[in-house]
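Chemist: Sequence:
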Amino acid sequence: KKMRKIQLKFSEEIKKEFKDLKIWESDKLLEEPLGIDGLRKLAKEIYGDITADEILNPKP
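Heads up, the sequence shown is in this note's numbering, so the first residue is 15 and it goes up one at a time.
Derived from the structure by calculation, the hints contain no laboratory data.
Among the hints, a few may not be true.
Distance ranges between label pairs, derived from CB positions [claimed, not checked]: (1) T65 with I37: 16 to 26 Å; (2) K19 with A66: 29 to 39 Å; (3) K19 with T65: 31 to 41 Å; (4) D67 with K15: 33 to 43 Å; (5) I64 with K15: 30 to 40 Å; (6) P72 with Q21: 14 to 24 Å; (7) Q21 with A57: 15 to 25 Å; (8) I60 with F24: 10 to 20 Å; (9) K15 with D63: 33 to 43 Å.
Computed from a predicted structure; not experimentally measured.
The beta-carbon is built from N, C-alpha and C at its ideal position, and this holds for glycine as well.
Work out the full structure: start from the sequences and follow the hints.
Modeler: Written out as structure tokens, the structure reads:
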């Protein structure tokens, strides 16, 4: 629980510091994303079905 509290604190600080930027987030993973398939799965979770242009030029 202590680690989660620390993570939430830093997450809020990041959101305040970069409030004018889009921040991409993921739920906690049960295992490390390995290989191209693992990275694709993570990208799908974070970005969903948006286009590459929306990823590279996000709107907050």
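Chemist: Each of the hints needs a verdict: does it hold here or not?
Modeler: Here is how each hint holds up against the structure:
1. T65 with I37: 16 to 26 Å: At 18 Å between Cβs, range holds.
2. K19 with A66: 29 to 39 Å: holds, 36 Å
3. K19 with T65: 31 to 41 Å: Holds, since K19 and T65 (Cβ atoms, about 36 Å apart) stay within the stated range.
4. D67 with K15: 33 to 43 Å: holds, 40 Å
5. I64 with K15: 30 to 40 Å: holds, 34 Å
6. P72 with Q21: 14 to 24 Å: Hint holds: Cβ distance 22 Å, inside 14 to 24 Å.
7. Q21 with A57: 15 to 25 Å: holds, 21 Å
8. I60 with F24: 10 to 20 Å: Holds - the Cβ-Cβ distance for I60 and F24, about 18 Å, lies within 10 to 20 Å.
9. K15 with D63: 33 to 43 Å: holds, 34 Å
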